[in-house]
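6 protein chains.
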Amino acid sequence: MKVTVSRRAHFNAAHRLYRKDWSETKNNAVFGKCNNPNYHGHNYELIASVTGNIDQETGYVMDMKVLKQIIKTEIEDAFDHKNLNLDVPEFKTLNPTAENIVVIIYNKIKAKLESHLDLEITLYETPRNFVTYSG
Amino acid sequence: MKVTVSRRAHFNAAHRLYRKDWSETKNNAVFGKCNNPNYHGHNYELIASVTGNIDQETGYVMDMKVLKQIIKTEIEDAFDHKNLNLDVPEFKTLNPTAENIVVIIYNKIKAKLESHLDLEITLYETPRNFVTYSG
Amino acid sequence: MKVTVSRRAHFNAAHRLYRKDWSETKNNAVFGKCNNPNYHGHNYELIASVTGNIDQETGYVMDMKVLKQIIKTEIEDAFDHKNLNLDVPEFKTLNPTAENIVVIIYNKIKAKLESHLDLEITLYETPRNFVTYSG
Amino acid sequence: MKVTVSRRAHFNAAHRLYRKDWSETKNNAVFGKCNNPNYHGHNYELIASVTGNIDQETGYVMDMKVLKQIIKTEIEDAFDHKNLNLDVPEFKTLNPTAENIVVIIYNKIKAKLESHLDLEITLYETPRNFVTYSG
Amino acid sequence: MKVTVSRRAHFNAAHRLYRKDWSETKNNAVFGKCNNPNYHGHNYELIASVTGNIDQETGYVMDMKVLKQIIKTEIEDAFDHKNLNLDVPEFKTLNPTAENIVVIIYNKIKAKLESHLDLEITLYETPRNFVTYSG
Amino acid sequence: MKVTVSRRAHFNAAHRLYRKDWSETKNNAVFGKCNNPNYHGHNYELIASVTGNIDQETGYVMDMKVLKQIIKTEIEDAFDHKNLNLDVPEFKTLNPTAENIVVIIYNKIKAKLESHLDLEITLYETPRNFVTYSG
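Protein chains in written order, with the working numbering: chain A, 1 to 135; chain B, 1001 to 1135; chain C, 2001 to 2135; chain D, 3001 to 3135; chain E, 4001 to 4135; chain F, 5001 to 5135.
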């Protein structure tokens, strides 16, 4: 009996989409106003979905308080009220597109879960744009 | 042409997470404030998603009015404004975690659907915590 | 320049609507299934809206971190995962209708605000039913 | 590294569910008040989800500005503020149930995507009823 | 102690904005694509907010079950799955703009409330456009 | 017959809360992590609510297409994908707190409305924090 348990979280951050090895013209052509050199920002909303068997003793797939704490330590403390390009090591050389951010979040949370559990991350960059990654 | 049709519903209920065969200390360690002996409660929001082929005559996978009625009879009438632990037979000996509730809901609705139809249930315990089960 | 600043919070609780001095018949006639003697429950969503002049130094009406902390101490710690009838002193002799709860919440938060600030509380009992009180 | 990128859009339209080759009695029995000969209508909310590998150069699965433009040209310009039965060629002989609409939307958008990309469409007819199709 | 109690409801309808006494050119200039002669439609979401004193006996401003029934009889039964221009007498000679609809809804519900109660209606034509009227 | 018509819009921006004439210690004490020198950001959601009499000819308080265009020109084009501190002249010497931003937005839109119309602006900095100003 595989059940998926999901938990919502959020963080606010600034970012800029560009590649240092591209000309300004090419960056503007590909990334448009997301390439503002002074940055813009988002309220990122995050859903972490963990799939596994129900523990017959507790009735839990995993303790949601533990999942909440992993998200806090790994993601909120690291990303909230930060500039993703300047303050977060993972994006020093990686363009912080929603696609790249969701993969980083997946990797950070997956490393803290018991290995028999599957994970999917959905990341809302805005209420109208979102991405999903499950490894 | 398999299409999934989904219908939202809701019920309000009280519950308590604990095991009668555990000590109060162990119940508190595992279930924390969800083990309040006087109960707490939630507005449960439910999504029932039914997958099947489109009927070429009607253009329906199934009549949503029928699905709405099944949810009402099987779930809303049985769970709404109830104490899950005390008033609902399925939870007399089963801990009403979100995971266990979603499996019970799945089983009750699946039994009323034509057998060629697949079902997935998503149950929101709060807007921030939810579970999904598809058999 | 009066501006209103609003902060959302939430708590989950069980309750029952009834009057001890009424017959069961009268309680059922007035409160219907809300009079379940085993209780039911809700995810209460709360909006606290504080109105005052913008402080010219800080650009704040009040520090939202302070408002968030007042809501946590006065409301979330007192009401979350509780049975309003049994665990919360204010409702020992007061019927916990949404109307009575919103007045209690208003009184508790208003007492902690500087006296020049106005307050309005909106309390969602469900996404479809809510109440508002401003003193 | 397959990631899904999703974009929300919306259109408002009138429609009527019925078959010309059925009697009025049969249409009413199957489609109920959705068979109002004067039409009724909805705010359709649409989510287009595209799955593919992250382009290592751009960090994109596909440029969301391109996806947004495809949805605008193929769906919003064609369906918004229209009567689906009378104004949209695809529904001249096809009953505009949510199931049939989501298949048409899928086909129109899929035809404009690069062939290596997978697509899933979710269409909300109301906030309480929605359908999903992925080919 | 004046408290406002609010209840959400919804109906789906088709409509067209135009004046019979205007030329097609003028109707198009003023109402644009809302003047589609074949109609378009919306999921209208409605909030009825009733303000009055808390009844000291019941703890209610008014019984929300009564308010829910008034909305059902006066608004949902009359407007749901209808063409506002053709099926609803109030709009036979009144242009069904959101502003005119909200006034009609206010008048219909206000007539059924006890006279000491105040009323405000908010009507969402879409999640992005809404109107409010309080007499 | 005064009716309020409301329109939702949104923009994404980076900002930093601080005063150049304060020490870093004082800025941190007052503004906390909002004082990140590398900025953070938000998806700002905006509701512009205009109150006036219904025009008896059109049934409109004002043409929502006109209001939508005013919001686009005055707010979205000026603030979207910008760094409020660096890119927006109004905040060169004004701390971009939500309170100060909502007053600026009010002033910019009010100046473009006919003088007999009243305006209220609600600005969501996050889904949990928002501010309202009506002059």
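FYI, nobody ran anything at the bench for these hints, they're computed from the structure.
Bear in mind the structure is a predicted one, so any value in this text is a computation, not a measurement.
A portion of the hints provided could be inaccurate.
Looking from chain C toward chain F, a few residues come up when the C-beta cut is under 10 angstroms (computed) [stated by the list, open to error]: (1) S2006; (2) R2008; (3) R2019; (4) W2022; (5) I2054; (6) Q2069; (7) I2109; (8) R2128.
Distance ranges between label pairs, derived from CB positions [said to hold, decoys possible]: (9) S5115(F) - E3076(D): 44 to 52 angstroms; (10) P4089(E) - K65(A): 40 to 48 angstroms; (11) M2001(C) - P4089(E): 45 to 53 angstroms; (12) V2066(C) - P4089(E): 27 to 35 angstroms.
Straight-line Cα separation of at most 27 angstroms, DSSO-like style, residue types lysine-lysine; simulated pairs [claimed, not checked]: (13) K2033(C) - K4092(E); (14) K4033(E) - K4092(E); (15) K33(A) - K5026(F); (16) K72(A) - K3002(D); (17) K1108(B) - K1092(B); (18) K4068(E) - K2033(C); (19) K4002(E) - K4092(E); (20) K1020(B) - K1108(B); (21) K5092(F) - K2065(C); (22) K3002(D) - K1068(B); (23) K3110(D) - K3033(D); (24) K3110(D) - K1072(B); (25) K2112(C) - K2033(C); (26) K5092(F) - K4033(E); (27) K5002(F) - K2002(C); (28) K3065(D) - K3110(D); (29) K5026(F) - K2112(C); (30) K1072(B) - K3020(D); (31) K2092(C) - K2002(C); (32) K4112(E) - K5002(F).
Here a beta-carbon is modelled for each residue, glycine too, at the ideal position from N, C-alpha and C.
List of violated hint numbers, smallest to largest: 3, 4, 6, 7, 8, 9, 10, 12, 13, 15, 19, 22, 23, 24, 25, 26, 30 and 31
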